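K.L.:
Sequence:
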Amino acid sequence: MQLSDIDIYNPDNYVAAVPHEQFTLLRDEAPVYWHAHPDGGGYWVISRYEDVRAVSRDHATFSAQRGFVMVDELPPEILGMAQGQLLGMDPPNHGPIRRAVIERFTSKMLVQMEPMVREIARDALLAAREKPDCNFVFDAAGNLPTAVICSLMGVPKDMWGQIRHWSDMQTSAGDPDLGASPEETQQISMEMGMYGYQLATERQNSDADDLISLLINVEVDGHKVTAEEFASLFIQITVAGNETTRSMIASGMYELLKRPELYRKLEANPELLPGAVEEMLRWSTPLHYFRRTATCDTELHGQQIKENDRVVMLYSSANFDERVFENPQEFDIERSPNPHLAFGHGIHLCLGANLARLEAKIFFEEFFKLFAGAELTGEPKRIRSNLVNGFKDLPVRLMPR
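Quick note on my numbering: the sequence shown kicks off at 18 and runs consecutively.
Please note that a few of the clues may not be correct.
[Said to hold, decoys possible] List time: in silico DSS-like cross-link candidates among lysine-lysine, alpha-carbon distance up to 25 angstroms: (1) Lys148 x Lys378; (2) Lys275 x Lys148; (3) Lys275 x Lys174; (4) Lys125 x Lys282; (5) Lys386 x Lys282; (6) Lys241 x Lys125; (7) Lys398 x Lys148; (8) Lys148 x Lys125; (9) Lys174 x Lys282; (10) Lys275 x Lys386; (11) Lys386 x Lys148; (12) Lys378 x Lys275.
[What the hints assert, rightly or not] So the derived label-pair ranges between C-beta atoms look like this: (13) Pro108 x Ala144: 40 to 48 angstroms; (14) Ala144 x Glu200: 28 to 36 angstroms; (15) Glu120 x Pro277: 58 to 66 angstroms; (16) Lys282 x Glu90: 32 to 40 angstroms; (17) Trp177 x Ile95: 19 to 27 angstroms; (18) Asn222 x Pro113: 37 to 45 angstroms; (19) Glu131 x Glu201: 33 to 41 angstroms; (20) Thr218 x Gly363: 29 to 37 angstroms; (21) Pro193 x Gly57: 20 to 28 angstroms; (22) Gly59 x Glu136: 48 to 56 angstroms.
By construction, these hints were calculated from the structure, which means they are not laboratory data.
All values derive from a computational prediction rather than experimental measurement.
For glycine and all other residues, C-beta sits at the position ideal for the given N, C-alpha and C.
Kindly produce the complete structure, drawing on both the sequences and the hints.
P.N.:
Structure follows, in structure tokens:
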């Protein structure tokens, strides 16, 4: 393969597997690579670990808000709402709202939430026992994150299915089996935002302890989150709370089922689960990339980057960078240290990172208690996407204890 063969934009190139051969070539020969885009322009691809960290930290030079975080330019009517999401904000807008959210995910709060998460996980897995031949992605892994994030926000239970549907439509828009057309995706985004606005409006001045009430009624640094701001925040929290955790759990299970000796080792030694979850995160990297936009002319590895150029941080490459990870193509549940970038880095580090870790750890603990084993019954199918890294179909036979 040569640099002229590189095409990491085309979502078809992610259907068979993550294109690691292309990523390795970029890291070795063109760590700052100009990639053509179908709109006639192009964008810079940043593929090495340390460079992704550097761009992530330098929010003054590389903006999340200017143009948002997707490599494709968004229509003006959608861009404004997208920039109301935390992941699409720069300082000073970013700080107060982030601190308001992060208060809900302190270590103390997570300890208090653990019994709730465990009950939800157990209920989800008991339901999966009724369908031993299943698509593990949706029939087992998918129920937990949806229930947890909706419970945290106090979303009525009869809306949980709708929330999950909206989320799936947005994250898998490029997949013909899962997603919607660009026009439908815009409509879904508007519907989600309107529903979030409705919930926020209903809970203004409420003293309830759900995440929505907390966010819109707590003042941080002199700022209160408005219902309008929460409409955008609602989309980010629900989509991220659903897709990424589900993808990580399903991908982690797939890697274990391919390696029965690791599956049994983890089953017999649950104390290894925290480290195993970190390796699942590194390996699965639920989002391949996020974009930044240069706010001024700058330079990286001798490449001149002009103001308003798109810059894509390729997490799926950084997490397999041989300069940081020894034998990166080995799935090692005892890898230490494991400084992966699956949750991003810098001020935009994923808010729900520790909640996702908790969910995955509890999921596997409860799975090993309820099931004697599992086996693949067919070839998995990956989501057709250059953004979302995960399976849409993981055919598995579960063996209840």
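K.L.:
For a quick check of understanding: which of the numbered hints are violated here, in increasing order?
P.N.:
Those not satisfied are hints 3, 4, 8, 9, 15, 16, 18.
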